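**Q** Chain by chain, the residues:
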Amino acid sequence: MTPVEFVDIVLLILLAITGIAVIRTRNLFAAVMLAGIYSLVSAGLFVVMDAVDVAFTEAAVGAGISTVLLLGTLALVGDKEHKPQHTPILPLIVVLITGGVLIYGTSQMPPFGAADNPANQHVAPYYLEDSYDETHVPNVVTSVLASYRSYDTMGETAVVFTAVVGVLLLLARGPLPQRIHHDGEWITVRPGTTREELAAQFKAETEGGGGGPEGGGVDPGGGADPEDRGDTPSGEGGERG
Amino acid sequence: MSEHLPALLVVVPLILAPVAALSNRPRAAFAAAFAGCWWALYASLALLTRVRSEGVISYALGGWAPPYGIELRLDLVNAFVAVTVATIGAVVIPYAWTSVKKEITEDRIPLFYTAFLLMLSGLLGITVTGDVFNVFVFLEISSLSAYSMIALGQDRRALTATFQYLIMGSVGATFIVIGIGFMYVMTGTLNMADLAERLPAVMDNRTIPVAFTFLTVGITLKLALFPLHLWLPNAYTYAPSAVTAFMASTATKVSVYLLLRFFFTIFGFAFAFGQMRLNMVLMPLSLVAILAMSLVAIYEINVKRLLAFSSVAQIGYMVLGISFGSVLGVTAGLLHIFNHALMKGALFMAMGCVMYRVGSVQLSKMAGLGKKMPWTMAAFVGGGLSLIGVPLTVGFISKWYLVQAALEQGNWLVAGLVMIGSLMALVYIWKVVEVAYFQEADSDVEIREAPLSLLIPTWVLVIASFWFGIDASTTAQVATDAAELLLRGGS
Amino acid sequence: MDDRVILRVGAKILIPFIMIFGLYVHFHGDYGPGGGFQAGVIFAAAFVLYALIFGLGNAIQVLPPKAAYICAAMGVVIYLGVGFLGIILGGQFMDYSVLAYSYTGQHYGIIGVELGVVTTVFGVMVALFYAFAGRRRVDS
Amino acid sequence: MIALGLFNYWAVIVLMMVGFYTLIARGNLVKKLIGLNIFQTSVILMYVSFAKVSGGTAPILMDAGDHAGDAAGQVLYSNPLPHVLMLTAIVVGVATLSLGLSLVVRIKEAFGTIEEDEIESPSL
Numbered sequence: 000m001t002p003v004e005f006v007d008i009v010l011l012i013l014l015a016i017t018g019i020a021v022i023r024t025r026n027l028f029a030a031v032m033l034a035g036i037y038s039l040v041s042a043g044l045f046v047v048m049d050a051v052d053v054a055f056t057e058a059a060v061g062a063g064i065s066t067v068l069l070l071g072t073l074a075l076v077g078d079k080e081h082k083p084q085h086t087p088i089l090p091l092i093v094v095l096i097t098g099g100v101l102i103y104g105t106s107q108m109p110p111f112g113a114a115d116n117p118a119n120q121h122v123a124p125y126y127l128e129d130s131y132d133e134t135h136v137p138n139v140v141t142s143v144l145a146s147y148r149s150y151d152t153m154g155e156t157a158v159v160f161t162a163v164v165g166v167l168l169l170l171a172r173g174p175l176p177q178r179i180h181h182d183g184e185w186i187t188v189r190p191g192t193t194r195e196e197l198a199a200q201f202k203a204e205t206e207g208g209g210g211g212p213e214g215g216g217v218d219p220g221g222g223a224d225p226e227d228r229g230d231t232p233s234g235e236g237g238e239r240g
Numbered sequence: 000m001s002e003h004l005p006a007l008l009v010v011v012p013l014i015l016a017p018v019a020a021l022s023n024r025p026r027a028a029f030a031a032a033f034a035g036c037w038w039a040l041y042a043s044l045a046l047l048t049r050v051r052s053e054g055v056i057s058y059a060l061g062g063w064a065p066p067y068g069i070e071l072r073l074d075l076v077n078a079f080v081a082v083t084v085a086t087i088g089a090v091v092i093p094y095a096w097t098s099v100k101k102e103i104t105e106d107r108i109p110l111f112y113t114a115f116l117l118m119l120s121g122l123l124g125i126t127v128t129g130d131v132f133n134v135f136v137f138l139e140i141s142s143l144s145a146y147s148m149i150a151l152g153q154d155r156r157a158l159t160a161t162f163q164y165l166i167m168g169s170v171g172a173t174f175i176v177i178g179i180g181f182m183y184v185m186t187g188t189l190n191m192a193d194l195a196e197r198l199p200a201v202m203d204n205r206t207i208p209v210a211f212t213f214l215t216v217g218i219t220l221k222l223a224l225f226p227l228h229l230w231l232p233n234a235y236t237y238a239p240s241a242v243t244a245f246m247a248s249t250a251t252k253v254s255v256y257l258l259l260r261f262f263f264t265i266f267g268f269a270f271a272f273g274q275m276r277l278n279m280v281l282m283p284l285s286l287v288a289i290l291a292m293s294l295v296a297i298y299e300i301n302v303k304r305l306l307a308f309s310s311v312a313q314i315g316y317m318v319l320g321i322s323f324g325s326v327l328g329v330t331a332g333l334l335h336i337f338n339h340a341l342m343k344g345a346l347f348m349a350m351g352c353v354m355y356r357v358g359s360v361q362l363s364k365m366a367g368l369g370k371k372m373p374w375t376m377a378a379f380v381g382g383g384l385s386l387i388g389v390p391l392t393v394g395f396i397s398k399w400y401l402v403q404a405a406l407e408q409g410n411w412l413v414a415g416l417v418m419i420g421s422l423m424a425l426v427y428i429w430k431v432v433e434v435a436y437f438q439e440a441d442s443d444v445e446i447r448e449a450p451l452s453l454l455i456p457t458w459v460l461v462i463a464s465f466w467f468g469i470d471a472s473t474t475a476q477v478a479t480d481a482a483e484l485l486l487r488g489g490s
Numbered sequence: 000m001d002d003r004v005i006l007r008v009g010a011k012i013l014i015p016f017i018m019i020f021g022l023y024v025h026f027h028g029d030y031g032p033g034g035g036f037q038a039g040v041i042f043a044a045a046f047v048l049y050a051l052i053f054g055l056g057n058a059i060q061v062l063p064p065k066a067a068y069i070c071a072a073m074g075v076v077i078y079l080g081v082g083f084l085g086i087i088l089g090g091q092f093m094d095y096s097v098l099a100y101s102y103t104g105q106h107y108g109i110i111g112v113e114l115g116v117v118t119t120v121f122g123v124m125v126a127l128f129y130a131f132a133g134r135r136r137v138d139s
Numbered sequence: 000m001i002a003l004g005l006f007n008y009w010a011v012i013v014l015m016m017v018g019f020y021t022l023i024a025r026g027n028l029v030k031k032l033i034g035l036n037i038f039q040t041s042v043i044l045m046y047v048s049f050a051k052v053s054g055g056t057a058p059i060l061m062d063a064g065d066h067a068g069d070a071a072g073q074v075l076y077s078n079p080l081p082h083v084l085m086l087t088a089i090v091v092g093v094a095t096l097s098l099g100l101s102l103v104v105r106i107k108e109a110f111g112t113i114e115e116d117e118i119e120s121p122s123l
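Chains A, B, C and D supply the protein sequences, listed in that same order. For the first sequence, counting from 1, position 29 maps to 28 in numbering that gives the first Met the number 0; every step adds exactly one. For the second sequence, counting from 1, position 146 maps to 145 in numbering that gives the first Met the number 0; every step adds exactly one. For the third sequence, counting from 1, position 111 maps to 110 in numbering that gives the first Met the number 0; every step adds exactly one. For the fourth sequence, counting from 1, position 115 maps to 114 in numbering that gives the first Met the number 0; every step adds exactly one.
Don't read these hints as lab results, they were simulated from the structure. Heads up, a few of these hints could be off.
[Said to hold, decoys possible] Taking CB as the label site, the calculated pair distances span:
no. : chain 1 : residue 1 : chain 2 : residue 2 : range
1   : A       : L91       : B       : M279      : 23 to 33 Å
2   : A       : V9        : C       : Y107      : 43 to 53 Å
3   : B       : D203      : A       : T1        : 28 to 38 Å
4   : A       : L91       : B       : G409      : 34 to 44 Å
5   : A       : Y103      : B       : V55       : 28 to 38 Å
6   : A       : T24       : D       : D116      : 16 to 26 Å
7   : B       : D203      : C       : I87       : 48 to 58 Å
8   : B       : A200      : D       : M61       : 27 to 37 Å
Bear in mind the structure is a predicted one, so any value in this text is a computation, not a measurement. No residue lacks a Cβ here, since even glycine has one placed at the ideal position from N, Cα and C.
Given the sequences, and given the hints that come with them, work out the whole structure.
**A** Structural data, given as structure tokens:
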């Protein structure tokens, strides 16, 4: 066994332990930290397997940004997981079948690390041999990413942009007012407002000469508007009863 | 300029998305979305015309020859699907302006149109690309934007519906990635045409059937074939009206297209239907989808939910057509992609009109609407007739081809079950019609007809569903040619 | 806040180096691991660190949420702009070979799109952080 | 490294299933997303395993100075293409995660819980 193989096996075992610990723990804070460790160990494994760019990104994103976002969420939703009420037989069967099919599928694959693996035969040698002549970029991953497959990378940029559009649509400016239909009209209300409160508000609005619905300023980036932090949400949970 | 249309079809809406976001004003964002949708309609129609006269169009992005670079590849099949998507986009967007103003707070409207444009370009990107990994990238653009738009629904259950969709959609996408990886390991390429060439040599390896299985399951999750449809009814029910109308007529259709592309072009008919016995799996599943989901729809009391279950049943018809593995069957499937987009678009838009005035689409709230909103309910009846498959509507054309395909194989049972499905559609459409036309309104709340800005787009789709039902020669011709192309195994 | 002198001083020293490291990762992407995406995340990490130590309010004064949001959108525009440049100069979409002769064109193109990527990723990551950190907890 | 045979793939499949199990069996929404994250990371591991060439090195050309054409003969490089694909996949993963988390925050605000069992589920 070469040292590289040894490291490979140790890291894989570490990953398995971390993964199982994630399943077992009921403390979400611990689970988030373990997920971060999982990413970091995978990043190490990527380095062992020569994927330095992937390792870099995984360490920055999986262990960094993802963990920060998860922690930010835990701060908002709490970190206790309840005990599951039913024994998860069906998921277990699904997982076993899926895993079995995957193992069946890999059983005739070229062995790990084989240079004559068809994956390494067709398109890849072209990149390794000709990309320097064509782009003068020594890092083949960069030249493939930004030139040969730049359309994919365009999609990737669009995906992160889509994510921020989605998150701002969902999270910008505190608990969002909502549009609901009341008494034949569409109006904007704070979340958690009950129908009775609504009726009163609606009455006041019509009497007050139709003061328009409070749509709020146009500021999609205002998720952290300091002024916004002052006003508390009116009666959260009014709808929950 | 016209030679760049395959790329421009996707990237013009895509660049308009950040422009809409930066403009930060509802009107400007809407203008960008409007321009993007109509540009897509123009470009896709021009491309379909060109494909019909000149054959396959290949566009090498960045000037890199495939399979080293990414290729956009248009044949009759995906040009047809692109036209379907773009048509619905172009009709829904003017509708969205009025509808969205009611259902979404003003400060979120610019971002809403941004998400709309992203979803449109994502769907078009999936349709025109000739690279399997690129499919995944654009699939994620369209899915993520779809999630964020569904979550904007006014009912808080929109959030849980979206979360469920996000989980199931991500599992589907990850399965697709696994399938792509397995294919890549055995062939060393990601280009679809190249894969089709290189796959037959390694078909005997166990990896390829597993890749096929994972791709099929992943795509089936995305297209909501029974029993993987669980995300769809809630997502369609709680999304804002314009989003439901757009998604119901496009997102699942693009997934059906992907299924066709993988089955026929990449793996080939012989592998998919010979070795993998696909028809043995897909046919029972689609029949169960048609019958069970129609049955559930009959007992639904929320009309949007009713239509959503009906959508799952209709997806069953499309997959049933594919599962015959014959030219007639695939023609029926392709035709139903287009036809169902027209009629379901019309039906959901009619429900959007009801939502606009009544604020709810519960059946009980719709009593007497036939008199109060005559045009809206007439549009609903028009779309409903099509859903049932009455002659002179597009629904009839699809069913006609489907029954023919069944009879061609001597499968009387399937033909009979398709008829029963139609009868069940009659029952659930009638249920709505009965309440709207034959029950008296119980409250005295004044309800007016929906504004013209909603009615006109709705009626455009209703009229189109009759137009292409009366004169189906063009669509049927294109679909037949496309089906023949697919069964020949690509270009 | 006052008793965190070590944190504050440490952060003040670290943040410039993180930024410079980000620049290094961005411009060294051609020769070693790294590139626009990783650099964008590193730049964002500098701001996240600043916000964690000095408070969200101060971070917002340095970089308003709106600016992060504009960055996110502008990056996509830059990326696609490079693509359109290919068409305008007579090549295919995303074609860099028409930007300049031979591999120089490729270099310009790669620099252009990496600029788009770094702008978007930086903007997105900061905006995501603001969106989550700027929200109050609602207790049940 | 050929001695490892298929062990690497199978270990990665086990990891994938650990993530997949967390995703579908757990009722806590945050836990589900962590599971999804592990599932996706493991898929990335699988791709990277496909790309590894024994005795190879990272695909950054060594003798770039004098035209790397001879590189193929002397230095063995791992396959760069799966690395490129997985860079995209990581980005997609974090995008999905952030959107999922923002949904979790909103669900907590609207329903007061993030346990699937406690959110009254509109059946089917």
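**Q** None of the hints should be skipped; say for each whether it holds.
**A** Hint check results:
1. The beta-carbon spacing between A/L91 and B/M279, approximately 27 Å, falls within the hinted interval of 23 to 33 Å.
2. Separation of A/V9 from C/Y107 is about 44 Å and conforms to the stated range, judged on CB atoms against 43 to 53 Å.
3. Distance hint for B/D203 and A/T1: a CB-CB separation of about 33 Å, consistent with the stated range 28 to 38 Å.
4. About 43 Å separates the C-beta atoms of A/L91 and B/G409, a value consistent with the hinted range of 34 to 44 Å.
5. A hinted range of 28 to 38 Å holds for the C-beta pair A/Y103 and B/V55, which are about 36 Å apart.
6. Between A/T24 and D/D116 the Cβ separation comes to about 19 Å, which falls inside the hinted range of 16 to 26 Å.
7. As the Cβ distance of B/D203 to C/I87 is approximately 49 Å, the hint placing it in 48 to 58 Å holds.
8. For B/A200 and D/M61, the hinted distance range of 27 to 37 Å is satisfied, since their beta carbons lie about 34 Å from each other.
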